[in-house]
Amino acid sequence: MGKFGFTILKERHIDYDANDRSIAEYISEREPSFRACIECGCCTAACTTGNFTSFSLRELQILLKRGENDKVRDNIKKCMLCGKCTLVCPRGVNTRNVIILAREAFQNKIKNAV
Amino acid sequence: MEGKVVVIGSGAAGMEAAGQLAKAGCSVTIVEKESEIGGHVRNWYHLFPDRRDSKEVIVYLEKQINHKNVTLLTKTSVEMMERKHGSFVVKTNDGLEIHADAVVLATGFDLFKSERKEEYGYGIYDNVITSAELEEMFRKGRITRHDGQVPQKIGIVHCVGSRDEKVGNLYCSKLCCVTAVKQAMEIKENIGTARVFCFYMDMRMGGAHYEELYRESQENYNINYIRGKVSEVSENINSRLVVKVEDTLAGRPLKMELDMLVLMAGMEMSEGGRKIAEMAGLNTGENRFFAPVDHHFGSNMGNIKGVFYAGTCTAPMNITETISHARAAVSDVIDYLRNGQS
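In the order they appear, the protein sequences are chains S and D. What the first sequence shows, in the numbering used here, is residues 1 to 114, in sequence order. What the second sequence shows, in the numbering used here, is residues 115 to 456, in sequence order.
What the hints contain is simulated information worked out from the structure, not anything from laboratory work. Be careful, since some hints might not be right.
A short, non-exhaustive set of chain D residues, derived as facing chain S with CB atoms under 8 Å [claimed, not checked]:
#1 Arg277
#2 Glu279
#3 Lys280
#4 Gly342
#5 Ser345
#6 Glu349
#7 Arg354
#8 Lys358
#9 Thr362
#10 Gly365
Taking lysine-lysine and the DSS-like style, the derived pairs with C-alpha atoms no more than 30 Å apart in a straight line are [as the list claims (entries may be wrong)]:
#11 Lys389/D / Lys302/D
#12 Lys77/S / Lys280/D
#13 Lys189/D / Lys169/D
#14 Lys84/S / Lys205/D
#15 Lys137/D / Lys177/D
#16 Lys78/S / Lys369/D
#17 Lys78/S / Lys10/S
#18 Lys288/D / Lys65/S
#19 Lys84/S / Lys227/D
#20 Lys369/D / Lys267/D
#21 Lys177/D / Lys147/D
#22 Lys65/S / Lys369/D
#23 Lys84/S / Lys280/D
#24 Lys77/S / Lys369/D
#25 Lys227/D / Lys182/D
#26 Lys147/D / Lys137/D
#27 Lys280/D / Lys78/S
#28 Lys205/D / Lys137/D
#29 Lys189/D / Lys177/D
#30 Lys65/S / Lys280/D
#31 Lys84/S / Lys288/D
#32 Lys302/D / Lys205/D
#33 Lys369/D / Lys84/S
#34 Lys189/D / Lys137/D
#35 Lys71/S / Lys369/D
#36 Lys169/D / Lys254/D
Every residue gets a Cβ at the ideal spot worked out from N, C-alpha and C, and that includes glycine.
From just these sequences and the hints, can you work out the full model?
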């Protein structure tokens with residue numbers, strides 16, 4: 001069994017302990033409904049941006065929670081803040097505010113902001 | 115065992131409780147607002163997970179209440195219920211006053227009114243139907259679209275009116291997932307060429323043999339499961355339905371044309387139960403169902419002494435659980451009549 005090992009290719013692996021989850025924490029403190037997401041994807045299905053680009057709010061919010069911030073930072077600006085995602089969310093997540101807070105966090109708080 | 119008990123409601127819970135109380139020697143009056151007994155069970159075709167014909171349940175329940183100690187009042191609703199000097203007075207719509215030592219509430223549930231999820235188009239598009247309406251079609255032995263054609267591509271939406279803050283129902287109705295699996299299989303049995311797609315958030319297969327049924331539906335019936343909550347439905351020029359959903363496992367938005375869409379309507383506190391709760395001062399929970407005094411040890415007891423709950427008036431339950439809960443209520447009633455009244 002030794003040869004099968006326990007390692008994962010570094011590029012493939014979510015290094016949960018090493019990742020920076022401070023953006024998710026920033027959002028979560030200010031918009032606690034952020035924690036209630038169950039990954040149903042209703043926001044993404046309703047999203048106009050997501051129908052034209054690879055934007056998926058469901059994916060971005062789970063990446064934030066795992067501290068995989070790079071993809072989020074590159075994509076979060078695509079949102080037009082129309083709020084349809086907030087209208088359909090069965091968990092009452094204020095998704096629009098989540099996006100506003102994420103942008104805010106990337107801009108103000110985080111060292112690798114663009 | 116002496117004692118007079120009023121049972122309100124003659125669905126599975128009410129009939130089972132009444133039958134068991136009668137056997138124990140109590141004199142029981144069942145008050146039912148409809149003209150027929152049986153409640154929702156009467157509307158179903160086959161039951162999960164063993165596909166038993168629901169008529170068998172009705173036959174069993176009728177046998178339970180076929181007892182000299184049981185009086186059945188149909189087309190009768192409760193106008194007033196009051197506890198006075200340790201016993202109850204129940205006034206009905208036709209002016210009758212029934213005196214009793216204890217009351218068993220078995221007021222059941224109402225199906226979620228699917229038109230409240232306007233984005234799913236129930237009541238707007240002809241080929242969006244509810245799980246209850248599909249049961250009716252099974253009973254008639256013919257599944258058709260509104261235009262009479264046989265649908266070939268059918269979608270099933272889970273969690274309609276359940277786990278949805280937007281309609282004020284935070285709870286899981288628990289039975290819709292397995293109902294969807296069962297109905298998907300029955301569609302395939304009726305229409306061999308049909309393709310069936312279930313849109314779900316989580317598959318909650320917690321009951322006995324549910325998981326096995328789910329697996330059977332995949333292996334032997336080729337039912338397709340797509341993980342994602344449908345956001346909206348529209349109709350195209352060919353009067354086919356178009357659903358929008360994210361396939362959350364593929365991570366991309368998905369659009370699909372369907373001939374028919376079935377909404378898995380959840381369970382809500384019944385209107386009748388709500389009125390009684392308000393009028394008698396019985397506690398209800400955040401989910402609006404009756405709130406028993408204790409989840410573990412008093413799941414049949416109301417906050418008024420001598421009031422007991424049986425079945426889905428306290429939470430969503432399947433028929434097996436409903437019958438067990440009704441029997442448990444009877445055991446509490448008997449204890450109360452023997453030891454607890456005063």
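Hints, one by one, checked against the model:
Contact between Arg277/D and chain S, as hinted, is supported at the beta carbon level, the nearest pair being about 6 Å apart and thus within 8 Å. Checking Glu279/D against chain S: minimum C-beta separation of about 4 Å stays under 8 Å; hint holds. Taking 8 Å as the C-beta contact cut-off toward chain S, the hint placing Lys280/D at the interface holds, the least distance being around 6 Å. Restraint check, Gly342/D versus chain S: the minimum CB separation of about 4 Å is within 8 Å; hint holds.
Look at Ser345/D: its Cβ gets to within about 4 Å of chain S, closer than 8 Å, so that hint holds up. The interface hint given for Glu349/D is broken, as the beta carbon of that residue sits about 17 Å from the closest beta carbon of chain S, more than 8 Å. Here the hint on Arg354/D is broken, as its CB sits about 18 Å from the closest CB of chain S, past 8 Å. Because the beta carbon of Lys358/D sits about 5 Å from the nearest beta carbon in chain S, less than 8 Å, this interface hint is met.
The interface hint given for Thr362/D holds, since its Cβ lies 4 Å from the closest Cβ of chain S, which is under the 8 Å cut-off. For Gly365/D, the interface hint holds, the least distance from its beta-carbon to any beta-carbon of chain S being 6 Å, beneath 8 Å. Of the pairs offered as hints, the one joining Lys389/D and Lys302/D is violated, with about 41 Å between alpha carbons and a cut-off of 30 Å exceeded. With a C-alpha separation of about 27 Å, the suggested pairing of Lys77/S with Lys280/D holds against the 30 Å cut-off.
The hinted pair formed by Lys189/D and Lys169/D meets the criterion: a straight-line CA distance of about 22 Å does not exceed 30 Å. A threshold of 30 Å between alpha carbons decides the hint, and for Lys84/S with Lys205/D the separation of about 50 Å lies outside it, so the pair is violated. Between Lys137/D and Lys177/D the CA atoms are separated by roughly 12 Å; this keeps the pair inside 30 Å, and the hint holds. About 21 Å separates the Cα atoms of Lys78/S and Lys369/D, which keeps this hinted pair within 30 Å; it holds.
Between the alpha carbons of Lys78/S and Lys10/S the distance comes to roughly 29 Å, so the proposed pair stays at or under 30 Å and holds. Proximity of Lys288/D to Lys65/S is assessed by CA-CA distance (about 29 Å); at most 30 Å being required, the pair is judged to hold. Under the criterion of a C-alpha separation no larger than 30 Å, the hint pairing Lys84/S with Lys227/D is consistent with the structure, at around 23 Å. About 13 Å separates the Cα atoms of Lys369/D and Lys267/D, which keeps this hinted pair within 30 Å; it holds.
Between Lys177/D and Lys147/D, the direct Cα distance comes to roughly 20 Å. Compliance with the 30 Å bound is thereby established for this hinted pair. This hinted pair checks out: Lys65/S and Lys369/D have alpha carbons roughly 28 Å apart, not beyond 30 Å. Distance check on the hinted pair: Lys84/S and Lys280/D sit about 13 Å apart at the alpha-carbon level, within 30 Å; holds. Restraint check for Lys77/S and Lys369/D: satisfied, since their Cα atoms lie roughly 25 Å apart, inside the 30 Å limit.
As the CA atoms of Lys227/D and Lys182/D are separated by approximately 39 Å, the hinted pair breaks the 30 Å bound. At roughly 24 Å between alpha-carbon atoms, Lys147/D and Lys137/D fall within 30 Å of each other, so this suggested pair holds. Between Lys280/D and Lys78/S, the direct Cα distance comes to roughly 26 Å. Compliance with the 30 Å bound is thereby established for this hinted pair. Distance check on the hinted pair: Lys205/D and Lys137/D sit about 25 Å apart at the alpha-carbon level, within 30 Å; holds.
For the proposed pair Lys189/D and Lys177/D, the alpha carbon gap of about 21 Å is at most 30 Å, so the pair holds. For the proposed pair Lys65/S and Lys280/D, the alpha carbon gap of about 24 Å is at most 30 Å, so the pair holds. Between the alpha carbons of Lys84/S and Lys288/D the distance comes to roughly 28 Å, so the proposed pair stays at or under 30 Å and holds. Only pairs whose Cα atoms come within 30 Å are accepted, and Lys302/D paired with Lys205/D is rejected, the gap being roughly 49 Å.
Taking the CA atoms of Lys369/D and Lys84/S, the gap is near 17 Å; set against the 30 Å cutoff, the hint holds. Annotation: proposed proximity of Lys189/D to Lys137/D holds, straight-line Cα distance about 25 Å (limit 30 Å). With a C-alpha separation of about 25 Å, the suggested pair Lys71/S and Lys369/D falls inside the 30 Å cut-off, and the hint holds. Of the supplied pair hints, the one linking Lys169/D and Lys254/D holds, its CA atoms being roughly 14 Å apart against a limit of 30 Å.
Going down the numbered hints, you'll see the structure goes against 6, 7, 11, 14, 25 and 32, while the others check out.
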